[in-house]
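Use the sequences and the hints to build the structure in full.
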Amino acid sequence: MYGYQITQRAKELTEGELEMTEGALYPLLHKLEAEGMITSEIRKINGRDRKYYLLTDKGSRQQAVQEEEMKSYLIHLNTIFNI
Amino acid sequence: MISSDQENQITAYLLSRKLSPQILTEVKDHLMMQIVSLMENDEVSFQEAFLAARISWQKELEMVKADFFSFRKIARIEKGLLQKRFDTITFKALVVSLIAAGIYAFSGETYYYFQIFALLAFVAIVLFGIFSGKIRFIEYQRISFHPLIIRNIILGILVFPIGCYFSGEFEFWKPVCNQLVLFYSLTIQLQLLYFRTKKINVLV
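Quick note, the sequences are listed as chains A and B, same order. Numbering of the first sequence is given in numbering that gives the first Met the number 0, commencing with residue 0 and proceeding in unit increments. Numbering of the second sequence is given in numbering that gives the first Met the number 0, commencing with residue 0 and proceeding in unit increments.
In case anyone wonders, no lab produced these hints; they're calculated from the structure. These figures come from a predicted structure and were not determined experimentally. Glycine included, each C-beta is placed from N, C-alpha and C at the ideal position. Incorrect hints may have been included.
Across the chosen pairs, the derived CB separations fall in these ranges [as the list claims (entries may be wrong)]:
(1) Thr55(A) <-> Gly107(B): 40 to 46 angstroms
(2) Glu108(B) <-> Ile44(A): 44 to 50 angstroms
(3) Ser44(B) <-> Glu18(A): 21 to 27 angstroms
(4) Glu16(A) <-> Ile156(B): 48 to 54 angstroms
(5) Ile161(B) <-> Tyr51(A): 49 to 55 angstroms
(6) Leu76(A) <-> Arg53(B): 35 to 41 angstroms
(7) Thr55(A) <-> Glu170(B): 20 to 26 angstroms
The calculated lysine-lysine pairs, modelled on PhoX-like cross-linking and capped at a C-alpha distance of 25 angstroms, are [what the hints assert, rightly or not]:
(8) Lys27(B) <-> Lys30(A)
(9) Lys198(B) <-> Lys50(A)
(10) Lys91(B) <-> Lys30(A)
Listed next, the stretches of chain A that the computed footprint assigns to chain B, with coverage defined by at least 3 CB atoms under 8 angstroms from CB atoms of chain B [to be verified]:
(11) 20-27
(12) 47-59
Here you go:
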């Protein structure tokens, strides 16, 4: 996925609730790339350079861990508020 | 669709923000996609869409001081990336300096060779950079006024007299703590040169 696509996808999945600011997105993508979580490649699209980001194996493993942590956090939060 | 003239307007705007090639490509692509989307969905002209996109990027593309010790102004988004790079450079230099201190604690002779190795690596990168055309001599000169180097000079001014006072040595390069500060500074310069040869923006 490329930067603009990521912002639009996030907006679409959350039905417009989550609007990522561009200034927050790119520094984060560069940080993840430096940490080896994602990798990037430039592709020519309609004669224009576009930078695509791809998840690495390390990134996939980290994603699974983060997802589990988030699910657990939400379950606990739900338990607290249901009391 | 965006015409080549309109694309040139976008490029000129982004170049006026002094974005490095690493981020220019993706910011330009993002801005163009945003403009096309506004033109298609809101049925506005290119100029209106371009203005709206510029407003949404206003904070990120605002020109700010690159560093406390720098007179150069760069876009805020670039500053964020640059400061993270500076933090990494500083952290690595600290780790290497601590390793050097550890080596000194075990063997003074090995520490001496470690210093020579670092100096040779520095000379090798300078010569490689200049002769391969990856660093211009003017860029090497600019490194001397780099914010990280200015910080090290200030650190040296503060630490050297203390080191001399406690060791009883008058030559500032003799006390070990002063040598470690010099070693730390050399490691910073080495990294700046390395990043420059790799064409990664480190404000040189």
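The hints, checked one at a time:
no.: 1; hint: Thr55(A) <-> Gly107(B): 40 to 46 angstroms; result: holds, 43 angstroms
no.: 2; hint: Glu108(B) <-> Ile44(A): 44 to 50 angstroms; result: violated, 58 angstroms
no.: 3; hint: Ser44(B) <-> Glu18(A): 21 to 27 angstroms; result: holds, 24 angstroms
no.: 4; hint: Glu16(A) <-> Ile156(B): 48 to 54 angstroms; result: holds, 53 angstroms
no.: 5; hint: Ile161(B) <-> Tyr51(A): 49 to 55 angstroms; result: holds, 52 angstroms
no.: 6; hint: Leu76(A) <-> Arg53(B): 35 to 41 angstroms; result: holds, 39 angstroms
no.: 7; hint: Thr55(A) <-> Glu170(B): 20 to 26 angstroms; result: violated, 50 angstroms
no.: 8; hint: Lys27(B) <-> Lys30(A); result: holds, 20 angstroms
no.: 9; hint: Lys198(B) <-> Lys50(A); result: holds, 17 angstroms
no.: 10; hint: Lys91(B) <-> Lys30(A); result: holds, 16 angstroms
no.: 11; hint: 20-27; result: holds (count 5)
no.: 12; hint: 47-59; result: holds (count 4)
Hint violations for this structure: numbers 2 and 7, all remaining hints satisfied.
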